[in-house]
Structure formats: structure tokens, C-alpha cells
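Asker: With the hints as your guide, set chain B onto chain A.
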Amino acid sequence: MGMTTDALFFKPRLHVIDADQIAQIHAATLDVLERTGVKITHPRALEILSGAGARVKGERVRIPGHLVEAAIRQAPSRLVLASRTGRRCVFLERDKSFFGPSLDCVDYLDPQTHVRSRFVSENVKTTAALCDALPNFQWCMTIGMAADVPAEIADRVIARNVMEHCEKPLVFCCKDANSVRDIYEMALLLCGGRENFLQAPTIVQYTEPISPLVYFDPAVEKLIYCAEQGIPLINFPAPQCCGSAPATLAGAIVQASAESLSGLVLHQLVAPGAPFIYGAFTTIMDMRSTIFSYGAIEMSLMTAALAQMAQHYRLPFFGTAGATDAKFCDAQAGAEAAWQCLAAAAAGSGLVHDCGSWLDHGSLASPEFMLLVHDIVDAVRHFMEGVEVSENTLALDLIHKVGPGGHYLQEDHSLQNFRRIKYSDLFERMVLAQWEAAGSKRFEQRLQERTLARMKHRPAPLSAEQIKELDRMQKGWKQTP
Amino acid sequence: MAIQDIYNAVLAFDEGKVKQMTQAEVAAGTDVGAILNQGLIGAMDTVGERFSAGDLFVPEILKAAQVMKAGLEILKPLLSAGQAQAKGTVVIGTVKGDLHDIGKNLVSMMIGGAGFEVIDLGVDVTSEKFVQAAAEKKADVIALSALLTTTMPAMQTTVTAIKEAGLSSRTIIGGAPVTQGFADEIGADGYSPDAPGAVKLVKKLMG
Numbered sequence: 001m002g003m004t005t006d007a008l009f010f011k012p013r014l015h016v017i018d019a020d021q022i023a024q025i026h027a028a029t030l031d032v033l034e035r036t037g038v039k040i041t042h043p044r045a046l047e048i049l050s051g052a053g054a055r056v057k058g059e060r061v062r063i064p065g066h067l068v069e070a071a072i073r074q075a076p077s078r079l080v081l082a083s084r085t086g087r088r089c090v091f092l093e094r095d096k097s098f099f100g101p102s103l104d105c106v107d108y109l110d111p112q113t114h115v116r117s118r119f120v121s122e123n124v125k126t127t128a129a130l131c132d133a134l135p136n137f138q139w140c141m142t143i144g145m146a147a148d149v150p151a152e153i154a155d156r157v158i159a160r161n162v163m164e165h166c167e168k169p170l171v172f173c174c175k176d177a178n179s180v181r182d183i184y185e186m187a188l189l190l191c192g193g194r195e196n197f198l199q200a201p202t203i204v205q206y207t208e209p210i211s212p213l214v215y216f217d218p219a220v221e222k223l224i225y226c227a228e229q230g231i232p233l234i235n236f237p238a239p240q241c242c243g244s245a246p247a248t249l250a251g252a253i254v255q256a257s258a259e260s261l262s263g264l265v266l267h268q269l270v271a272p273g274a275p276f277i278y279g280a281f282t283t284i285m286d287m288r289s290t291i292f293s294y295g296a297i298e299m300s301l302m303t304a305a306l307a308q309m310a311q312h313y314r315l316p317f318f319g320t321a322g323a324t325d326a327k328f329c330d331a332q333a334g335a336e337a338a339w340q341c342l343a344a345a346a347a348g349s350g351l352v353h354d355c356g357s358w359l360d361h362g363s364l365a366s367p368e369f370m371l372l373v374h375d376i377v378d379a380v381r382h383f384m385e386g387v388e389v390s391e392n393t394l395a396l397d398l399i400h401k402v403g404p405g406g407h408y409l410q411e412d413h414s415l416q417n418f419r420r421i422k423y424s425d426l427f428e429r430m431v432l433a434q435w436e437a438a439g440s441k442r443f444e445q446r447l448q449e450r451t452l453a454r455m456k457h458r459p460a461p462l463s464a465e466q467i468k469e470l471d472r473m474q475k476g477w478k479q480t481p
Numbered sequence: 001m002a003i004q005d006i007y008n009a010v011l012a013f014d015e016g017k018v019k020q021m022t023q024a025e026v027a028a029g030t031d032v033g034a035i036l037n038q039g040l041i042g043a044m045d046t047v048g049e050r051f052s053a054g055d056l057f058v059p060e061i062l063k064a065a066q067v068m069k070a071g072l073e074i075l076k077p078l079l080s081a082g083q084a085q086a087k088g089t090v091v092i093g094t095v096k097g098d099l100h101d102i103g104k105n106l107v108s109m110m111i112g113g114a115g116f117e118v119i120d121l122g123v124d125v126t127s128e129k130f131v132q133a134a135a136e137k138k139a140d141v142i143a144l145s146a147l148l149t150t151t152m153p154a155m156q157t158t159v160t161a162i163k164e165a166g167l168s169s170r171t172i173i174g175g176a177p178v179t180q181g182f183a184d185e186i187g188a189d190g191y192s193p194d195a196p197g198a199v200k201l202v203k204k205l206m207g
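Chain order of the listed sequences is A and B.
Each residue of the first sequence is one higher than the one before, starting from 1 at the first, in our numbering.
Each residue of the second sequence is one higher than the one before, starting from 1 at the first, in our numbering.
Treat the hints with caution; some may be incorrect.
[Stated by the list, open to error] With a cut-off of at most 27 Å between alpha-carbon atoms, the simulated DSSO-like pairs for lysine-lysine come out as follows:
1. B:LYS19 <-> B:LYS129
2. B:LYS138 <-> A:LYS327
3. B:LYS76 <-> B:LYS138
4. B:LYS163 <-> B:LYS200
5. B:LYS129 <-> B:LYS76
6. B:LYS129 <-> A:LYS39
[Unchecked claim] Partner residues are not named here, just some residues of chain A that face chain B (Cβ under 10 Å, in silico):
7. GLN21
8. ALA23
9. ILE25
10. ASP104
11. ALA147
12. LYS175
13. VAL214
14. GLY251
15. MET285
16. ILE291
17. PHE292
18. ARG420
Since the hints were made in silico from the structure, they are not lab data.
Where a beta carbon is used, it is the ideal one built from N, C-alpha and C, also for glycine.
Excised from the complex, chain A in its bound form:
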């Protein structure tokens, strides 16, 4: 660290495309937006885009490259999110990665009985509380749907339940701008008002264009509303190679990027400098089963390429990792989640969603899988600390002192440093006799026990006044169809 030493910190990094490929992908993305364009039917959006110089013909909007590049430059390069208690905990800047769970599962896998059933509001609360308990997940999502709540207000009931049971920043999806407004009002109440929110937002809206290249009116309305209010917005298409995007990875990446950036153009025209998060769920359509894959290795490869595009653009990024197509928390689930998390962190993937609560290609949430992926993320965190090279870590004097044939067991240096090595309660390294003495517990048993123990956690409750105010807000929620 300086003139007379070689101290160095180097973060392990994964590059899946090089600078020339980044330039090619950017040029190709502009080509799609200029030549093919996107379909938008929302009248105000068409007016805004047309007024700024986009070529609008009917519902087709072709966006000149300079508008796209201006929007990229104008959007903030970083975004800090806070818990509803005001703790700044997510820093979306450069190639940092912050992991969190996933969104809107329809089924729940009970950790006690392993019975699969529809996700209901009780599961919304317990999975949110579990996320609150797990330190390597720095933010939360609306993990599952609530089949027991009227569909018309379910999105807001779910958001409320999650905010009550998890203090961390919340990324949520909802049906329209009306719902965003109701959820934003709750967030303002809990974080203490608009000034606090603007310093570090506590909620992030997730919306999506439909691949290929289509915007649905309610999604456009949400985008405009979020831009106007300064609510961070993730514009996140989900193209599938072979189905809704080209079978070739580069084509899918370009289309995905064009879909996300077209939203950025509108967003920045509505409110210059409003916080925007770029990204796409790029994966493959499995051509045996026709499912949208959450475990395909190509998903991680394309996501890493888009993460590099985000770093090139200096835009916050929404990444994906820690999901699986497996139906249970089994070996396939572990393998898919592990390579995804390592690739996501090494590429630098911003807000990395889908950790441990998306099994069975996005339909099933499992608290046990959340705990498994949480431990994988912990291992990845250690890996990403890299190899510190300094006088202390090189330990040359110590090597010299111990000398050939000695040992390090009783050295102070060992005592001072051994805890930097990762130990897991879940991944065991016992001698066979020790393992037998501890009950011969297989991985699945240990995972279940630790999950059930973690699920006892609840955050500090909201004040009676806050709950009363939330109740008042809930009474006013419109049950628009």
C-alpha cells in the first residue's frame, strides 16, 4: 500500500465479453432501436417520445441513437437504498453485488412437511421475516403471491405484509400505477417522509416490457409515475432464446438491452436524473419442455454480459442468480444456484435477485432453498474478498521463524487470522466418527433444522400508530379490476 510495499487488493473479476464486443453490442442495440423500434400504445408516452425526436408511426416508436446515449448519460450512475429504519445498506455502484430473494411465486414448499401448496399471505409474512433474518440478503422482494387475498388488492396487501415483516429495502411488482402509489405512501410513512426517501429510497418498483419489444400500457404508466416521484425503477424484460428472442446469445442480449434502454429513454424524458435500474432476465426457452429456464448456464452467461454492459453504461443493474429449475431443494438446485451466485458476484451484478426462492422455473418458493442459497452467497462473499497481499498476509517473518519442519498451530498470527476463513454450519467437514456422534445428519436434515430455527426470527414490530395508519390506508385501496 504505497512506495515501499507491494500491498495490493484485487477483486476477483469475471469478464465474459471484451471491450470490442461491448462496443459491438452497443452499436447493435442502437441499430435495433433505430431500425426496428418498440411497440408502445400509451398516448402520453407516444407524445413525449415523439416530441423528443423519436420517429413515431402508429404504435411503432423508432428511437435515434443519440436519444438513447443521452438518456444513458443523464441517468444516475449510482443508487443507495436504505432499510425502512434508515440504515443505508445497498450501494448500487460500479461492480458491487447485493443479493436478495425473488418475486411473486405462486407455490410454497413447506420446510416442516415438504408439502407443496399455493402461496398464501401467511407465507408472505414468514418468508419476509426469514429474509430479514439472513444477513447476506441485504434487500427483500415480494416473494410470493397471496392466493387467499382478493386479487384486486393482493399486490398492496402483500407489499404491506412484507414491509411489516422485513426492514430491508423492498423491490416489488404490482399491477398498475395506482398500486405503486398506494405502496409508495406506505413506504413514506415507514421511512419518515419524502426527504428521507429521496436520500436513500426504501422501495424499488419492478416493471417489464414484454419481449420482443412491446410495452403494455399499465407498465408504461408505472414507469412514468415512478420517474415523476423519484421511485427507483427496474425496467426488466425477460426474453427467452428461441421463443421471444433469437436462439443465439448475442442476439438475445442485444434485444434485451434494447428493451430495457427504450424504457430508460422515456423515463429520462419524463424526469431527467430519476433513478433507473437497467437489466434483463435473459434465458433460454427449454425446447424439450418449453419452460422458461431459471437454471440454464446460458442464463448466467448472458446476465454476466449484460452486467458488463451496465458497468460500461454506468447504470445500476438488476442481476439474477440463486434460482433453479429443480422441484426440490436437491443436488440440482444446489449446483445451479452455486454457479449462478459465483458468476453474478464475479461479474458484478448490482441488485442480484432470485436467491433461493425460485424453484421449479419461477413458480415455487422454499425457505430451505433460501437458507441454502444464503450460505452459498456467504461462500461467494468470502471468495470475492480475493487474496489480500500485504506484509501481514505474506507473513514472511513468520515463515522464516517457523522454518522447515515446524508448525503454525500455536502462533499468534494463526489465532489472529484463522477466523477469516469461512466456516459453515450447513456444509459439514467432520470426521466420520464425529459426524456419527452428532446424529449422522444428512445435508437435508441439517438444512431443515437450521431453516426452522431461523424462521423464528421477527423484526421489531411497527408502532401502534404506524399500524393504525397502514390500516387506514388499506381501507382506502381501490379495488380497481
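Answerer: Showing chain B alone in chain A's frame:
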């Protein structure tokens, strides 16, 4: 022998060859029914079997269906009324409020490939539009698709509207969040978790 070559050309996804050889067989006076059943449809049966066995993938099925249709177009004017008739008519679309159509497109192509006439109403289709199209086209089956849980209630509205209109069409539903339980709950006649299953379901409902 030449019919076997047509069969092989369908399995090789060779549209040019299928057209050329079908024309040659017709010119040579080969029985049109034999060209159809042993050549074109026979090949599609094999494609289906190979897909079930995991040897062929969806893009290959869709390509085979497209190639088969090119041959069928040549035969159509020569087929008897009975031979030329589609197996039945299916009206399909995504329900009101849902623009996600990749699954619907897949089902539409596969049902079409299996010899049914498909009326694809596209996306964001109102229950009135489903009813109107089904009545006009005398649909045997109406297929509804939804990806979003928030648009599942529109499936119920549509199924109810179809019944209230007194149509004899059977209703089938599909889409990521949809289940057999939901189909039962809203009174739909069938549910399929995937596109090949939807083809089987349509065939079953047509008896």
C-alpha cells in the same frame, strides 16, 4: 418408394424437396390419400413419437409441421371433401389484460400442425370477442391463455360468457400460474401444462 422419400423429406425438414416430390407423385398418378396418410401425416406421427422420446425438440416439430403443410397445400385441391376437412376448429387467444403470448403462439402452432383449423385472436382478447369468433367460426374448442395471476379472473369471466352465450364449444386453459384445480373451479373443460399436452387435450375433447 417415392412416398417413403416424402416421409423422409419431412423428417429432414426439407420443404423444397417435399414440395417437389409431392408434385412429382401427383403427376405420376399416385393415390393422393396414400401420399397424405403414409407420406405427410405418417412423418408427423413419427415426429411426435421422437419428441416424446426426447430425440426431437420443439423447433424441429414446428419446422416439420411447416414442411408438412407445404406438401398438404399441393394435395388440398385434389382431396375429397372428407379428406380435405380440418379435424376441427380451435379459437385461441390470451385473455383480457394479458399481452404475454409466447405460450399461446406455441400452442397455436402445434394445434395447427396437428391438422386443426386455428383462429388466433392474438392478445388482450375480451370475452365478447372470444364468444363472437367462436360463434362465427363454429369453434369446437376455445383455448384461453394467461401468464399473470392478475389476469386469471379474466379466464373465469370468459368461460362464463361462453357458457351464457349457449355455445357448444369446449373451453381449455393454460399458462404458467394456471392449474387443473383452477380449471375445475372456473368450469373450464380442460387444462394442459404445456403445448404438446394441449394438442392431446384438443384431440381428446373432439372425441
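Asker: State the violated hints by number, sorted upward, taking the hints as numbered earlier in the document.
Answerer: 1, 2, 5, 7, 8, 9, 14 and 18
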